[in-house]
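> Residue numbers (our numbering), protein chains in the order written: chain A, 1 to 477; chain B, 1 to 480.
To be clear, the hints were calculated from the coordinates, so they are not data collected in a lab.
No more than 25 Å apart at the CA atoms, straight line, and that leaves these computed lysine to any residue pairs for SDA-like:
id : chain 1 : residue 1 : chain 2 : residue 2
1  : B       : K91       : A       : Y370
2  : B       : K200      : B       : G238
3  : B       : K91       : A       : N337
4  : B       : K91       : A       : A344
5  : B       : K91       : A       : V380
6  : B       : K200      : B       : P172
7  : B       : K138      : A       : P99
8  : A       : K413      : A       : E353
9  : A       : K355      : B       : Y284
10 : A       : K355      : B       : F94
11 : B       : K91       : B       : D296
12 : A       : K413      : A       : F135
13 : A       : K355      : B       : P288
14 : B       : K91       : A       : M359
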Amino acid sequence: MATTALEVASAVRAGERSARAVVEEHLAVIGEREAEVHAFNLVMADEARERADAVDAAVAAGSDPGPLAGVPVALKDNMCTRGVPTTCSSRILAQWRPPYDATTVERLTAAGAVIIGKTNLDEFAMGSSTENSAFGPTKNPHDTSRVPGGSSGGSAAAVAAGFAPLALGSDTGGSVRQPAALCGVVGVKPTYGAVSRYGLLAFASSLDQIGPFAHTVADAATLYEAIAGHDPRDSTSIPEPAAPVSSWLDDGVDGMRVGVISELSGGGIEGIASDVQARVRVAADALAAAGATVEETSVPSVIYGLTAYYLIAPAEASSNLARYDGVRYGLRVDGPNTEAMNVATRTAGFGDEVKRRIMLGTYALSAGYYDAYYGKAQRVRTLIIDDFAAAYEKYDVLLSPTSPTTAFELGAKVADPMTMYVNDVCTIPSNLAGHPAISVPYGVGDDGLPVGVQVLAPLMGDVTMFRVAAALERSLP
Amino acid sequence: MTDTAPVVEPTLPDGWELVVGLEVHCELSTATKLFCGCRNRFGDDPNTNVCPVCLGLPGSLPVLNGSAVDYAMRLGLALNCTVNPAVFARKNYFYPDMPKDYQVTQYDLPTSTDGHLELPDGTVVGIERAHIEEDTGKSTHVGGSGRIHDATHSLVDYNRAGIPLVEIVSRPDIRTVESARAYASELRAILTSIDVSDAKMEEGSMRVDANVSVRPIGSDELRTRCEVKNINSIRSLGRAIEYEANRHIDLYDSGQTPRQETRHWDEANGRSTSGRSKEDSEDYRYFPEPDLVPLDPTGAQVDAIAEAMPPLPSARRHALADAAGLEAGSVALVVERGQDELALAAISAGADGGIVIKHLENNLADGTGELTAESFAALAAMEADGRLSATQAKTVLTDLVASGGDPTSIAAAHGFEAMDTGELDAILDRLIADNPDEWGRFVDGDRKVQGFFVGQIMKATKGQADGKVVNMLMQQRAAG
Chain A
1 MATTALEVAS
11 AVRAGERSAR
21 AVVEEHLAVI
31 GEREAEVHAF
41 NLVMADEARE
51 RADAVDAAVA
61 AGSDPGPLAG
71 VPVALKDNMC
81 TRGVPTTCSS
91 RILAQWRPPY
101 DATTVERLTA
111 AGAVIIGKTN
121 LDEFAMGSST
131 ENSAFGPTKN
141 PHDTSRVPGG
151 SSGGSAAAVA
161 AGFAPLALGS
171 DTGGSVRQPA
181 ALCGVVGVKP
191 TYGAVSRYGL
201 LAFASSLDQI
211 GPFAHTVADA
221 ATLYEAIAGH
231 DPRDSTSIPE
241 PAAPVSSWLD
251 DGVDGMRVGV
261 ISELSGGGIE
271 GIASDVQARV
281 RVAADALAAA
291 GATVEETSVP
301 SVIYGLTAYY
311 LIAPAEASSN
321 LARYDGVRYG
331 LRVDGPNTEA
341 MNVATRTAGF
351 GDEVKRRIML
361 GTYALSAGYY
371 DAYYGKAQRV
381 RTLIIDDFAA
391 AYEKYDVLLS
401 PTSPTTAFEL
411 GAKVADPMTM
421 YVNDVCTIPS
431 NLAGHPAISV
441 PYGVGDDGLP
451 VGVQVLAPLM
461 GDVTMFRVAA
471 ALERSLP
Chain B
1 MTDTAPVVEP
11 TLPDGWELVV
21 GLEVHCELST
31 ATKLFCGCRN
41 RFGDDPNTNV
51 CPVCLGLPGS
61 LPVLNGSAVD
71 YAMRLGLALN
81 CTVNPAVFAR
91 KNYFYPDMPK
101 DYQVTQYDLP
111 TSTDGHLELP
121 DGTVVGIERA
131 HIEEDTGKST
141 HVGGSGRIHD
151 ATHSLVDYNR
161 AGIPLVEIVS
171 RPDIRTVESA
181 RAYASELRAI
191 LTSIDVSDAK
201 MEEGSMRVDA
211 NVSVRPIGSD
221 ELRTRCEVKN
231 INSIRSLGRA
241 IEYEANRHID
251 LYDSGQTPRQ
261 ETRHWDEANG
271 RSTSGRSKED
281 SEDYRYFPEP
291 DLVPLDPTGA
301 QVDAIAEAMP
311 PLPSARRHAL
321 ADAAGLEAGS
331 VALVVERGQD
341 ELALAAISAG
351 ADGGIVIKHL
361 ENNLADGTGE
371 LTAESFAALA
381 AMEADGRLSA
391 TQAKTVLTDL
401 VASGGDPTSI
411 AAAHGFEAMD
421 TGELDAILDR
431 LIADNPDEWG
441 RFVDGDRKVQ
451 GFFVGQIMKA
461 TKGQADGKVV
471 NMLMQQRAAG
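Only chain B is shown next, with the shape it has when bound in the complex (with noise of 0.2 Å):
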């Protein structure tokens, strides 16, 4: 049995579209810091990972980390952009976290601009671009509501000040909620696959903000967007567009227009409260850093380390689909865990598609263990022609995890053996004479019943029955 209920999609009202662009900051894993040597390592001790450049002392100078700008390109490439000259930039506004009072970025001059990237559903998402900076400190405002503007005090920890970061600002392409929430599960899928970041939302090492806009159905202008920040998972980021875009729309409706503001999600109380506004938000002052050098890769690095890249989630997703005879998004899973590869191998031993996916998904998401693409293989044989049914599959595919094996060994072991319809056609015939009404009910058409028979049947036989073939020979009954 399959659990995969449709996702009910989030409505707007009636006439309505969603706009969104999403800004995404992923913390790159290099070993160290963007501009010095310290430990560039989560959850260690507070202001333990510092030193006097990523302080911002005065007289401090910044070193660019050379694998960090491999990691970017690396990025920047994974996500069909250009790879440019660049140029670094200072950011300047003051915050306590900010060891120089100005972040380290790049303005006009971006390391990888105009990319795009596919969702599992095949919708195509463009990147305006993806530039380098420096992570800023993490403060904890204490006493007040745990905002700064009435903390009591705060405190500061540097050891995330100079940790790399790659902006990744996409296109205002993103038309649903769902399709909002595939791009960071697709874009966290690249990250982790190209091993350039952890990006783990709930440790910050990537972080989602999200531009929201709305406008009448069939028209193609931007109205005023919001920039909903400080959203902590995948499904925060689900309501918290949701939140906002009914909020404009209410705002329109009563006549009025949404104000171009930064706002902060509330997850708690599932709502966004507002932040400062863009208006009279500060002006950054950018100019080219003096304190480095611009960035020039050659041709030759460029082309390095595109050759060392490995597949892709979106190439990775074609190919098993290709495989299994199966639609792109319905292997988005397996690709997302890792198990393409067992996949294809198995498929390629001779599976059927659908039974190697659907075994994956459902009974494999703590792992594949001792299992092996040839007993897999036969395993699916032996439940496709029948000789096992669903559930008796699961009970040896369980134990191919643990121990591996022959499947035909084991599922002899533990006694299965296909029953013959015969068996079945006396348990269902007995069934239909005990509950006339629900059997009426299933004859003229309501399909809900079915489960209350399979379920009987199941009962009857301790779950040897092969559900396929209980529901063909109720079909049968139902037609004859």
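Chain A extracted, bound-state conformation (with noise of 0.2 Å):
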């Protein structure tokens, strides 16, 4: 494995690593195989050098750069980046540079990181396999036959590939979690609230968070802190400050309550696979025997989940992509008038999902069938939410796959929709409640490829989640 994000910035803080050395380092892994990998939509060499050096000079001048001094991060494509192309893998905003930084780019730069580059992502962060890239696909490191998942399949080839220690997704039903899972990395989708949404172009503004990817739960943890807390520009952020997660690692599981939902692992939801569903046994025994309190448990309502979340998600979505409409920024493809240059633009600049998915949204609003689709997966959601309160008061946390199967080949699920969604079955409910969820990466299924196990927990329940992800990840061998 690659030195960690807290090796180089402990490193680096000691003035015993220089971060331009850092950069160039991983910048010589870019070039060997970003060819084959498709991870980026752009490599920010320049910028990242000129970063690495600002870093170096604050520290011969003896100050502190902060706790991701020099670590090199991959981004998401779809957080602004000032000046800096922000393109959401859409051809409707190719040429689009951002006037000003996400929250979260600020953020770690405050904290020292070195951005390196833009990552792919399927168009506007809708679906499983990064395949729906209007810049072609990314593929999964392991085997490049495979598709990475997705939607931020970039950030996680990204880190698998070794481009970079640490990467941000956004996670709107598992977007974070099942790409980590299929390239054998940590991935986090904090509390919703915990991480400003702002600067992240919008998908499904309800159920979209921004989460680490890494190689351990501890690298993951610190680039959490370095970006959670408070943000007075996005109204949804919850007012406190960053949960100290790290804190919490090494606090085992001793006397925890653990219940591995059954409509997950094999009781309720078909097309578990049986090497997945045998990595989760493996997790779970492991949980017991560091001292947990393990049990099938039953959390009904999530079957409803997926389905829910597919008129929720793409009604706001629906919404939130009506701006690009050529008028003020992005593609414009001229016509007669407005009207007709606003259609020409977006059948231009949007792919098929993102059409498919404008189009349900919109019938999922539309007067007369808001109540019967909105408004039921609303009910849903309340359903769901209400069931895993029923659960976390028996169990800290709750366990099952991340992903239905491992990486799948490139192409296999393309021509159909449904198959392609039932991949975030086992994320969404997660998204719907609001709740953290994380995905460990734990052995191989029968193909040799990474299985993720997903650890669930309640409502700003972060610390606990990582604490538990941590003993997991103790447990392997």
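Assembly of the complex is requested from the two constituent chains, each provided in isolation within its own frame, with the hints serving as guidance.
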């Protein structure tokens, strides 16, 4: 395994390694494998070198650049970077350079991190394989005939391939956790509101949450602490400082109560592969061996999560993506009048999956259908929250697979959106509830490809979630 | 002489009644916009008060301006509304001057509901709701008629985008054109007196749309209405409603029914033209705005706003009317001009209410300058007991406004003293002798010639005569 972010930061802060050298090493790895993996929409080599030099200068001047000093971070290309193209892997934004930085970008910089590039994603984060990118798919570094998962596939692949020790993605229905699982890295979806969404190009506002990718739980925790905490520019941001998740990583699970969600582990939803189920059982046993009480438990309404999600997320997306109309920024395809220009721009600018979801969402919000679709989906959401609340009366955390299968072949599910959507069945309930969840790489499946185990925690339970994830990580050989 | 000629009420053809509800958008005069820190100011260079949030740039998020909410609650309370927990919603439609292609507004859970507004004549108009929303940018369509459909291109100024608005929706309680105008005036008076909006129709900080329908008198049905937009003054409001009502009546008379639609008032040509039809109108796909949290003001917050509320125009009218011994409607102008405090003080210093109101309405439109309640009361007393004629009083008043002082010495300095009636009798004798035909008509009850005699006497006395005394003398002669 490559050096961890914590090791890099510690060496840079101590003046033992230069940030510039760290950047060069990672740029060299990118040079070797990026053509094959295609993790990035843009490698920011010049900016990264400049930034690394500034970090080195700070160290030389005796000041501390921060907990991520000199650590290269790959940024999902749906977070605003001032003056640097931010595309959402969409033709409609191919030329757009934001005039401002996302809060997460500001906080990365404040922590001493070096943004090394903007990573590929399914267009507007809509997808589970990164094949919906207008700029071509990203490949899984473990097997380049396979997908890296999605939508943050570029960020997951960047960490897995050693292009950067850390990456940020966004998770609306599993878009951090599922690619983390498929690429064999740690992926976190914090409590909704823990990390500011200011500067994140919205897919589904009530579900979107930015989260870290890393090789280790401790690295992910450090990145989490750097980006989390109240941001007055996001009204849904929790008015609290970042939870001190790193402090508890070594405290173990002795005496904790762990529930394995039966509906997601072979006892409800079909399609959870047996090798994946087997790894979840191994993980459960490991936690039991570490002193936790582990039981199977039912969270009945999670089986409706997928359906509710595919109404709520497209509904919000249909509104969030309305602004890409050719009037102010991004692509414009001219037409004889404003409406024709809007239509021509959006027809040319959006890919099929984005169009499909805009249409689904527009329909779900339409007069006469709102109650039956959007309204009902919101009631399901409440039901899921209630079921989770009942489960968390008995358990500190819940356990499930992250993804139903290991990484699948490129192209295998492109033709059938429904098969693709099922990839998110285990991850979606946490988004609907606003709860935190983490995917920890936990061995491999029958095909030798990584399997992720998901630890779910209640609202604001990020500390406990990290603590259990760290224990799982320690239980690996 | 008063010039309160009765307003001629434009009448509908016999048997028809007007049914009007008004939707008024007013821009709140907060320092900054509704969801960002950009300056809220009219008249700045285009696109200078903008930022990622009010331009709706990808990734930007709204943060609610607490002052705007306070202003909106103050307005709700001033309109006798219930102030409720509220939820913002997105109203989705495409328009180039709307940066996000949705408008953040309140839909099923607005801040204020179920209020009413009392017009100066005592008519009460129900308020259905008053909700907070963001303004759009301002489009200027270049080429063609100046409207979007045949323009060659459009210019958009986003300075206005995101300015806080409250939309006040009345119930369809308005029955006359005059009431519609009075409603708009009264609302403007409330907005300015509670200091939440400039309420300038000419600058667009108050915009009035009229929902107009008609029905046979005696019916309580609500017939198809049309929403008339682009009304730029209170005068236009009256014209637009009258035009629209008559258009509906003409349609019914010829066996047709109006189509429910939005219509565009064309002030220059005095008519409305068809806009988009409500039948094929867009479905706005409202849903709760996920980027904002619900508004849940505490009882203490609402109470604090209610306690800090300045006296409202209707209460001020009633207070002044009671003190002056007049109808509330007849002191409306004085209250609207904010001169009620002076009037009340003068009356409590002993002035005759009628004289005080008369001078404020007719002679003090440009302000009261150095005039104090005491000197105003002293002047009114001189006028009331005949020491000064109305014309002389006006002259003294002008001096009091300009430089203050004592009305008795100002009157003396002008050489004003009321003429004795003997002198007036002599002038009147001469006039009657010189104009026997006119006098005969006056005696026969033709009041139109009264003005002729009064005018001649004023001319002969260089305005020193008291009109009231002259009238009295003429009545006595005619009766005797």
